[in-house]
Amino acid sequence: MAEDPTGAAPPPDGDRPPDGDRPAVPVAPPGTMPVLQAAGPLAERSALFGEAVALGIPAAPARLNLRAPAGSASMAAAMQELGAPGWPLPANRWTALGPDRQLVWLGPDEALLLGSDPAIAAAREQLSAVLGGTAPCAITDVSDGAATIRLSGPRSADVLAKGCPLDLAVLPAGAAVQTLLGHLDILLLVLEPGRDYDIHVRSSLAAFAWDWLADAAQEFL
Amino acid sequence: MFLIDCPWCGTRPQSEFAAHGEAQVVRPADPAAASDAEWAAYLFLRDNPKGRLLERWVHRHGCRRWFTVARDTATDRIEAVYPPAGGPAGPPSGPAGGDR
Amino acid sequence: MSQTSRLPQGGRIDRARSLAFTFDGERLSGLGGDTLASALLANGRVLVGRSFKYHRPRGIVGLGAEEPNALVRLGSGAAAEPNARATCVELFDGLAAESQNRWPSLTSDLGAAAGLLAPILPAGFYYKTFMGPGAGAWRVYEWAIRRMAGLGRAPSGADPDRYEQRFAHCDLLVAGAGPAGLAAALAAGRSGARVILADMDREAGGHLLAEGDDLAVDGQPALGWAAAVAAELDGMPNVQRLCRTALAGLYDGNYLTAWEQVTDHLGPGRGGGLPRQRLWRIRARQAVLATGALERPLVFAGNDRPGVMLSGALRGYLHRYAVLAGRRVCLMTNNDSAYRTAIALQRAGASCILADLRSDGTPLAAAARAAGVEVLTGHAVTQAQGGMRVDRVRLRKMSESGGAMIGGLRKEAVDILAMSGGWGPNVALFSQARGRLHYDPALTAFRPAGGPQGLRCAGGADGATSLQAALDGGVAAGLAAAADCGFDAAPLPPLRAEEPDVPADGGAGRVRAVWIVPGEHPVGRGPKQFVDFQNDVTAGDLQLAEREGFSAVEHMKRYTTTGMATDQGKLSGMNALGILAEMRGTSVDAVGHTTFRPPYVPVTFGAMAGRRTGPLFDPLRRTPMQGWHERQGALLETVGQWQRPLCFPQALPDGKREDRAAATRREVLAVRHAAGLLDASTLGKIMVEGPDAATFLNRLYVNRFDSLKPGHCRYGLMLTENGTVLDDGVVARLDARRFHVTTTTGGAAHVLDWMEELLQTEWPDLQAWCTSVTDHWAVATLSGPLSREILAPLTDIDLANAAFPFMTVREGLVCGAPARIFRVSFTGELSFEINLAARYGRALWDCLLAAGSDRGLVPFGTDAMHLLRAEKGFIMVGQESDGTTIPDDLGMAGMVKGDKGDFIGKRSLSRPDMLRGDRKQLVGLLTAEPRTVLREGAQIVAPDAPDPRPGQKVPMLGHVTSSYFSPTLNRSIALALVKGGRARIGEAVKVPVMGGPPVAASIAPPIFHDDKGAAARG
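For the record, the sequence lines run as chains S, W and E. Our numbering numbers the first residue of the first sequence as 1 and each following residue consecutively. Our numbering numbers the first residue of the second sequence as 1 and each following residue consecutively. Our numbering numbers the first residue of the third sequence as 1 and each following residue consecutively.
Honestly, the hints are just simulated from the structure, not real lab data. Since this is a predicted model, take the numbers as computed values, not measurements. Possibly wrong hints are sitting among the right ones.
Said to hold, decoys possible - Footprint (simulated), chain W over chain E, 3 or more residues, beta carbon under 8 angstroms:
{"hint": "1", "segment": "250-260"}
{"hint": "2", "segment": "751-757"}
{"hint": "3", "segment": "901-908"}
What the hints assert, rightly or not - Taking CB as the label site, the calculated pair distances span:
{"hint": "4", "chain 1": "W", "residue 1": "GLY21", "chain 2": "E", "residue 2": "SER76", "range": "50 to 58 angstroms"}
{"hint": "5", "chain 1": "S", "residue 1": "PRO99", "chain 2": "E", "residue 2": "ASP618", "range": "34 to 42 angstroms"}
{"hint": "6", "chain 1": "E", "residue 1": "HIS750", "chain 2": "W", "residue 2": "VAL26", "range": "19 to 27 angstroms"}
{"hint": "7", "chain 1": "E", "residue 1": "ALA78", "chain 2": "W", "residue 2": "VAL26", "range": "56 to 64 angstroms"}
{"hint": "8", "chain 1": "E", "residue 1": "GLY585", "chain 2": "W", "residue 2": "ALA41", "range": "48 to 56 angstroms"}
Every residue gets a Cβ at the ideal spot worked out from N, C-alpha and C, and that includes glycine.
Please construct the entire structure, taking both the sequences and the accompanying hints into account.
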């Protein structure tokens, strides 16, 4: 870890945040250069617990953005390889692919694959094995492009309703909707209706989203 | 604040969308062959009917897909929503704009 | 015993709970369940404020939201609230209220002199004052008028209270918890539909709360029935009942805003963890408006005297609050409802005279006379008299036609005058939602005539004039709404109302339209006959407006201000229309009505802002390095939603900090002579991928991208279809089908939207996809002659010029993390734009600064960046370009590849105007005096142009787009757009300066440093 040249800033890894806890890729020869410590955009926020509402930071998933035409046979085959229903995915839904991968519909030609670093690395290999280098598709690593905030508790829908214009009561488990939270664009995954939600938001806006949610939760804490 | 049926996400509030004007403006296939008047018409001339208008909308804060909306400009009533499956012109057999 | 007007028993008040409050500093007491208005009346206070324009003394008129006069200031300091309606303020212990619009006191207000000036403050006086006499008139009057007019004063401090907002959804929204609303909610609630029932009051019942105990529903007292229904609704999981919640606006698609006063009734600081107020945004599939009916005042001389009240309000104060506002009461009515008031008041101990404007009487007269009321049919009150309170009325018999007074004058001493001009459906919300209204001559009011889909009215709002009709209408509306939502409702057994003294045709009976009660003087000549109390508009004003040609309803509204502002004509609207119809000699239907506008009741700015205050006001985007910048005390500038460092002022030996100019100068010199580090994470970054990616970029940019080799970068320029510059940035080709595109910080979102629009709508055949990676990558730009040696030990990428030349991209590891490095330069120096996954951004920043500390590496901000690029003549989109600028104007015509086929904007570049020789072109500008720094935006004129004087036109040659003092050159430099500028290089020009001598300058090439670009390539 490099020293701060001015001495004014504390080292960023004093308390390693849940979403910053990633192994740095080792490089040879060791010891010749510093190793960078990872820190997510919520590194300076700590979880909030209440009986009615809790705000947490789940382990940061790696993210792959997938694009392919709605009728793409090669992408459908690749999806089947991953255990997904096909291509395009069911609209406005997310699906668990085994214990550590989730596939989220984003549009008729777009999906988001979430999972642990190794699970996504493995998925990437599976995808390129099926798709090869010429299939009409785009696969983009967007792992650090967004952060996830988990909102849970019996009043979690009331917290969301302060900024989300959708009727949360009719969103079933497995729903994945892209919508607004106040002035923020969010991707909302319903884990358990009325109780557990994952909110995905641009990394640069994650701290703002957290502060917004924490403030909204205040009345229930 | 009317509701719009996104062809993919279902009924959503207007605040999630953005409108981008008349839908059936066709970009000349060969701009170089277009006369100055034709090109200027493509750039600048738009219908502004009182009544039915086909508009391009995007689900900006949702799935980010573009589609065509038939809206009555006088009542804000949305008569139909067309996915751009038929191409950029929107509805396959829709009228060419509103009452002129 | 201060509550002299409180009766010893009755009312829905808690006599065990005495509440102390103050009004204008005077200590008074009320009871639990009181409103501020009922408590004031209980204490014998009628006078509560001064009017808007004439500062006339005014008293409480109404019972609820319709109150036009009793607007008071609550609380003090930053939490003070002006213009609270005393009739809607629940009393709490310690409440402090003050009257408004008076100085020094309510009873001796100097502003009342405005009343004497009334002849020069006629309708439309604002417009007339604007027009003359002479241009200076307005400025002379403005100060005085602004000071005198207006309603209350907003506090200046930050509001200490907390406000919330939330969305809600339901199948059926019911507005109003009176009999019709309760019936509708019950019918729909039992069907299983999701129902929200909102009402302004703290308890359910609506107008039943203002009635006596002689009303019954299904054999039980009506209010008991209402309480039982409310309890049943509260027990239903599918029903939400909102109390103290006013529906403020009804918009397209049954979208409603509702204003809930969550803890206002507890008093300041007693809300616990709850907000003070909450704004609801409700989306309902169906809506039933059961908003009741409003009673109209009568228009007669002196009708604004304190103590002149609405008949129904007087009855409500008696029944709900056990307040007998007067002992000697005169009532004037054009319908039956005032008889109920008179009978109730008489029974409570008052002595009443009832003047009925109808000459043919009513069956109720017998009951009234039996109770002891003196009933005068065909009589009118021609004038109410009194100063701070009405003390005398003048009564006369009217002719059969109603046009003249006949018979002798009778004067009666009174302490209250009640009026009833008939009841009209409260259609404000219905009309907001574009529901159609038609005039019903039997009601003498507008009533709903067909609403938009999913919108119904019920009860008084639908013109019902009896309790039975309200209940029936409510049930029918509730069932129909539930059915429209797909719920099979078991029909509700009919609700049976008992309502004595109500004729079979409804509560109001026959109504005689008397829009202006004939007085002893012609309209506009005698004592004022007010139509709109809140806006101080008289019948004479309406007449004047009509005479001056403002006879269309919307014109009359604006010219006279009747029905404007927070009141929205609740009491005045119908009377104004009736008077206008009479003046124009036409029917009310032909006159039409004005549009009701939201909000129905004033909503506080606090509720509208909600939690969007302070740090939550607007989303703030943070780069991974943001925390470091803030801890360094960097000066920040707002760029879109980002806060970028302008510069990093350093501590000086004397303990002070550098100023902005000194810090920027130091940072610029460091980049030119050693190295600097810029947080460029805010740059827009888009991955464009797919078999057709190169084709897509060819069509989007003026440049060629099919010829760009993998591993290479190209500066790209993007145009609008008009041919003007839209955005710029570096495009790197990673492999045959993947491009890493960068955009300006501010243009990122728009460019991505534009790309998606083109791909989805214009070129759906292209197989290319765009994905934003702006937030995925942290970007640290290392720039300066020493940057290579600083970076080399930290990466496995060979940085040697031969291996990694200018305008190429390499992927490898930096400090062990996967990196994408661009060798591009916006400063003109050797630069490496290091992209690393955002999680490593902060650590990379620290690491680079540490690695470069012994070589003079410093962080630099956007001030230095702008200066460095200006020295090199690099443009900034939006600074050197302005939406009319084309590539050739910027000297970039050579970049435009005409041989690659069509691209966005290409055709426009050959339009005649784009080929003109006198277009403004980018040039440099050097002042004759090297220390003079021109102002950005300054105009440029010919050296022999006359000095500009008022009224004189001077031909403009162009304007300054960027201007700095260059530390590198130790002189000022500027970029400018000048007509035909490239042909004028070397010519002298002049830059006029406001308030000083013009600055002499000469036109130069738009590059001031290293014109061969050797440094960046080194």
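Hints versus structure:
1. By the rule of at least three residues with a Cβ nearer than 8 angstroms to a Cβ of chain W, the coverage given for the segment 250-260 of chain E holds, with 4 such residues.
2. Three residues within the 8 angstroms Cβ limit are the bar, and the segment 751-757 of chain E against chain W gives 3, so the coverage statement holds.
3. A stretch counts as covered by a chain when three or more of its residues have a beta carbon under 8 angstroms from one of that chain; for the segment 901-908 of chain E and chain W the count is 4, and the coverage holds.
4. Distance hint check: the CB atoms of W/GLY21 and E/SER76 are about 52 angstroms apart, consistent with the given range 50 to 58 angstroms.
5. At roughly 40 angstroms, the beta carbons of S/PRO99 and E/ASP618 sit within the given window of 34 to 42 angstroms.
6. One distance hint, 19 to 27 angstroms for the beta-carbon pair E/HIS750 and W/VAL26, holds here, with the actual separation near 23 angstroms.
7. Between E/ALA78 and W/VAL26 the beta carbons are some 58 angstroms apart, a value that agrees with the proposed interval 56 to 64 angstroms.
8. Between E/GLY585 and W/ALA41, the C-beta spacing of about 51 angstroms keeps the proposed range 48 to 56 angstroms intact.
The earlier numbered hints are all upheld by this structure, with none contradicted.
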